[in-house]
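Novice: Each chain is listed here by its residues.
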Amino acid sequence: MSWLTEYVRPKIRGLLQREVPENLWTSCDSCSQMILIKDLERAQKVCPHCGHHGKANATERLDWTFDGGHYTRIELPKVPTDPLGFRDQKKYVDRLKDAKAKSHLDESLAVAHGKIGGRDAVVAVMAYEFMAGTMGTAMGEAFVAACRLAVLQKAALVIYTASGGARMQEGVLSLMQMPRTTIGVEMLKDAGLPYIVVLTNPTTGGVSASFAMLGDVQLAEPEALIAFTGPRVIQDTVREKLPEGFQRSEYLRDHGMVDMVVARSEMHETLARLIGLMTNSPATASEAAA
Amino acid sequence: MRQYLDFEKPVAELENKIAELRQMAKDGEGINIADEIGKLSDKAEKQLRAAYTKLTPWQKVSVARHAQRPRALDYFKALLEEYTPLAGDRLGHDDQAVVGGLARFRGQAVVVIGTERGFDMESRLRHNFGMPKPEGYRKAQRLVELAGRFGLPILTFIDTSGAWPGIDAEQRGQAQAIARSTDCCLRAPVPFIATIIGEGGSGGAVALGAGDRVLMLEHSIYSVIAPEGAASILWRDPKQASTAAEALKLTAQDLLKLKLIDRIIPEPIGGAQRFPSEAIASVGDAIDEVLKELLPLDGENLVAKRREKFLAMGRDAL
Numbered sequence: 001m002s003w004l005t006e007y008v009r010p011k012i013r014g015l016l017q018r019e020v021p022e023n024l025w026t027s028c029d030s031c032s033q034m035i036l037i038k039d040l041e042r043a044q045k046v047c048p049h050c051g052h053h054g055k056a057n058a059t060e061r062l063d064w065t066f067d068g069g070h071y072t073r074i075e076l077p078k079v080p081t082d083p084l085g086f087r088d089q090k091k092y093v094d095r096l097k098d099a100k101a102k103s104h105l106d107e108s109l110a111v112a113h114g115k116i117g118g119r120d121a122v123v124a125v126m127a128y129e130f131m132a133g134t135m136g137t138a139m140g141e142a143f144v145a146a147c148r149l150a151v152l153q154k155a156a157l158v159i160y161t162a163s164g165g166a167r168m169q170e171g172v173l174s175l176m177q178m179p180r181t182t183i184g185v186e187m188l189k190d191a192g193l194p195y196i197v198v199l200t201n202p203t204t205g206g207v208s209a210s211f212a213m214l215g216d217v218q219l220a221e222p223e224a225l226i227a228f229t230g231p232r233v234i235q236d237t238v239r240e241k242l243p244e245g246f247q248r249s250e251y252l253r254d255h256g257m258v259d260m261v262v263a264r265s266e267m268h269e270t271l272a273r274l275i276g277l278m279t280n281s282p283a284t285a286s287e288a289a290a
Numbered sequence: 001m002r003q004y005l006d007f008e009k010p011v012a013e014l015e016n017k018i019a020e021l022r023q024m025a026k027d028g029e030g031i032n033i034a035d036e037i038g039k040l041s042d043k044a045e046k047q048l049r050a051a052y053t054k055l056t057p058w059q060k061v062s063v064a065r066h067a068q069r070p071r072a073l074d075y076f077k078a079l080l081e082e083y084t085p086l087a088g089d090r091l092g093h094d095d096q097a098v099v100g101g102l103a104r105f106r107g108q109a110v111v112v113i114g115t116e117r118g119f120d121m122e123s124r125l126r127h128n129f130g131m132p133k134p135e136g137y138r139k140a141q142r143l144v145e146l147a148g149r150f151g152l153p154i155l156t157f158i159d160t161s162g163a164w165p166g167i168d169a170e171q172r173g174q175a176q177a178i179a180r181s182t183d184c185c186l187r188a189p190v191p192f193i194a195t196i197i198g199e200g201g202s203g204g205a206v207a208l209g210a211g212d213r214v215l216m217l218e219h220s221i222y223s224v225i226a227p228e229g230a231a232s233i234l235w236r237d238p239k240q241a242s243t244a245a246e247a248l249k250l251t252a253q254d255l256l257k258l259k260l261i262d263r264i265i266p267e268p269i270g271g272a273q274r275f276p277s278e279a280i281a282s283v284g285d286a287i288d289e290v291l292k293e294l295l296p297l298d299g300e301n302l303v304a305k306r307r308e309k310f311l312a313m314g315r316d317a318l
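Line by line, the protein sequences give chains A and B.
For the first sequence, the positions run 1 to 290 when UniProt numbering is used.
For the second sequence, the positions run 1 to 318 when UniProt numbering is used.
The set of hints was computed from the structure by calculation and includes no laboratory data.
Idealized CB from N, CA, C, for every residue including glycine.
Each hint should be verified, as a subset may be incorrect.
Here are the simulated DSS-like pairs of lysine-lysine, each with C-alpha atoms no more than 25 angstroms apart in a straight line [unchecked claim]:
#1 B/K239 <-> A/K90
#2 A/K91 <-> B/K239
#3 A/K97 <-> A/K55
#4 B/K257 <-> A/K78
#5 A/K91 <-> B/K257
#6 A/K78 <-> B/K305
#7 B/K292 <-> B/K259
#8 B/K305 <-> A/K189
Here are a few chain A residues that face chain B, going by a calculated C-beta distance under 10 angstroms [claimed, not checked]:
#9 G171
#10 A227
#11 G230
Here chain B stands alone, though its shape is the one from the complex (with noise of 0.2 angstroms):
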């Protein structure tokens, strides 16, 4: 079953006549309807394409939360040979949030790490919804730590509302285990590709992103606070979200306009939960050619320029 958005109301009429319509052919009623079909698949693809061009930020908000969108491991899966999953944290914990592990990508041995939210209610517990504990991180960090040994690129594919706002965390040293995390991320003496493919939710999401190269799909965002939290906090009404997703400038557009991300990565008319697979080849293809201009580089060169990108960032005047 499709999951419809809210603006994608009209387009769910239409295909739910122009499933009707099929369901009364098959019923045999005799009636010619592949004219009618035609002319509704043409007027839905219409709309949702006018929907899609034009989605506004809070709308895109939604569709980077879209729960019919690939997740991580969905990328493992359609993208990587010989994925071999590695566990733990080895300081007592292992967290399925973040996902991760060696493989090949396009024949390039890799470490790939992700944030994993899961598909239905049991997978979503296993993963707790995606939002890492400091285990989690630290787990990170042990993979990071782990590709700079071997030399081996590291290619991370993040899904996250964030890191787990829990007692158990804190009491572990979640703050600690993300700024460590973005330490390792910075010192790789490996290329490093960030791909934002869903939510970049904050700290939590750094952590994982202080990449060489930070690549998000079209309809993902990337924000310092979800829109509901600002809207709570600085217009205090969360009724305000829409406002604040405006104004948080949290879509790749913006984020590319702003100089701190790298490159957006078109998705499907409908977005990348309509059309998976396409969605994911198009990631694919993204990432080898950036990795194909990284890799020539040697680590100590990777790390001074990803030092520069970073620091760079806001300097300009804009």
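With the rest of the complex left out, here is chain A (with noise of 0.2 angstroms):
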């Protein structure tokens, strides 16, 4: 298949650091209390005083995610854009240009592969700041590619979700991804390879109806938002008055459709946990310690 000459073509990553000036603050989103902004990033954007888990960007995922923040990239496959000619207040062609420019990513997915737990790993990133995360006929064909990658170098698949759900503008087509990506799920499970959702806040709509919900590990981050029908709409439908607490991650996990919740802080040794004891490999010395 010439799929892997075409489409990847890897980026050096992770060795670009930020500087941020020592003495800027920010307030948290949750509590409103003050923080500094060094402190902020060093504790993986969760806020030292409530343990609000603020937005996180594709990228700083990947950081985190990987060994040492050491990870290629992979270039996204290319489709064709706009299928649809499609127009609402806006030319869905120039949202696609602002959101470029403002997330700095192709689409709403950033896939690289490297090691977790020293073991092989693929991470798919949705990108909430590329128009809400939604999916559409590229990100379905990224998604795809980061299956078709795993099973080429027989490793897992960790995807952090984050997404509004379709993409309206390309109508159907964004419908079609549904399936598009569960194929990609079944792939790697043939392939018997693992399968692990982190479920972040939003997760909603034919995102969370496919491959969201399709892991063979569900995590979540904390009070992370998931639902099919977000909760507006339902309050809209039903009239009644929302359980408390309702689609957040604790709630799935009591209703039994996430696993665990995981604290940011925790998830890289989580998931290098669940890769070891999934692909029955030795433990490193890190996990036999801990």
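With the hints as a guide, dock the two chains, each given alone in a separate frame, to form the complex.
Specialist: In structure tokens, the structure reads:
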């Protein structure tokens, strides 16, 4: 298959460290307390006061997930953009342009490979910063490419999900990403490779109703909104008070849909341990110590 | 009583006039009305034809949702012999929004699954207006897997505005149920024909629609979101629904062009709601033809081709 030669052009990342001035402050989205930006970055965007897991972008997730922050990004497959010539209040092509400029990404998924706990892994991260992480043809194709790469490398696949759902600007083509990404997951399962889903805030709609709910193991970050239908639409439909904590990670865990809620600081270790156990590979020194 | 859609008003007026004339003749006013009725009928037929050959996407939405359009169970009744409904998800629930079971279609034993909206208030409530809950999708998974074990082709009849957006549905894992249902469909080692007979509403339709062939009735629709929803999200104006319907490319004709569906089944002039038995018979004939193409293929081959088909979608420059 020419896919590899066509699409995988590695870019070395992870060696770039951004400089943050020592004395800049921000406030927590949840508890509003002041935090030094430097402290917040060091704590992987988790508020040291209340433990609120703040927004993280795709690059940060990759940095935090791979051993030592070392990994190789792959270029995403090219697909036709704007298949419907869609225009609402704004042209879809213009929305895409804006999203690319704002996020420095080509699409709503970033894919890289490297090691987690010393074992091969492919990590795909949905970028909420790119059109609310919506799923269109390019994102679906990128996900399938990530699955193929994992199969090729006999590696585990970890995906961080964050999405408002299907990308309406691609009509039924966006809907068709549900079966297309599901086929990607099936390839992993047929190859006997671990597929671990990390649900982050928010994961809804067509994404939650496809690859995001098909993990061998389902992890979630604390208090992430995870839903098929968003709470506002449900509220408008049933006109009932929604239960406490409805559609949050902990609620899904209590209702049997998520294996565990994992704090960001524990994520790397948890992923490393899971991959080690699922592939029955010998424990590394640090895992044995833990 | 025939229910007329907005754009059918001129036809409604003519047909009311015809009915009046017939009544007058019956009351014995002794005038010769045959000529007049003939003329009016011709005119009505012409208007109907004119309207239905150039339906706008938004008009098609209203036809697809027409209350008198044949429902999944109407198709079961007319097209199947020995229909034996099966029930329950084996996890504590049965959802009547999803109907299905074992049956014979033109001699061939099959598994049928449909989303059923109901036809009057009582049956609509029983079937939850055709909006399945997780137990509906889990029932479907059971039936698809059963079909796979016994080598029976699967026929699905899709007509839903979407999965039920309720607290109970979310509690029991609507997203997971839909995801698994799509997965089951894609893995079924038997011929799988999905037919959209009315509304193919988003993920709730895909869950039963990931088949070898997807057929659509001429005036049915298939969409990622209801045009009303797209209008209020993207245009921030619910009144833009007809603009949204156009932009979303949700008609059978657009979707065939985009190679996202495989075949359009023509409807009688005036739509399936006007001549239900003709529409149902055309659907039966189309399924029969497609099934004959698929029956010689073995399970492994079917699954591989199904994957290729979905993976190819959207890759071609259009």
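Novice: It remains to establish, for every hint, whether it holds in the given structure.
Specialist: Hint check:
no.: 1; hint: B/K239 <-> A/K90; verdict: 17 angstroms, holds
no.: 2; hint: A/K91 <-> B/K239; verdict: 19 angstroms, holds
no.: 3; hint: A/K97 <-> A/K55; verdict: 22 angstroms, holds
no.: 4; hint: B/K257 <-> A/K78; verdict: 21 angstroms, holds
no.: 5; hint: A/K91 <-> B/K257; verdict: 22 angstroms, holds
no.: 6; hint: A/K78 <-> B/K305; verdict: 23 angstroms, holds
no.: 7; hint: B/K292 <-> B/K259; verdict: 21 angstroms, holds
no.: 8; hint: B/K305 <-> A/K189; verdict: 18 angstroms, holds
no.: 9; hint: G171; verdict: 5 angstroms, holds
no.: 10; hint: A227; verdict: 6 angstroms, holds
no.: 11; hint: G230; verdict: 9 angstroms, holds
The structure is consistent with each of the numbered hints, conforming to all of them.
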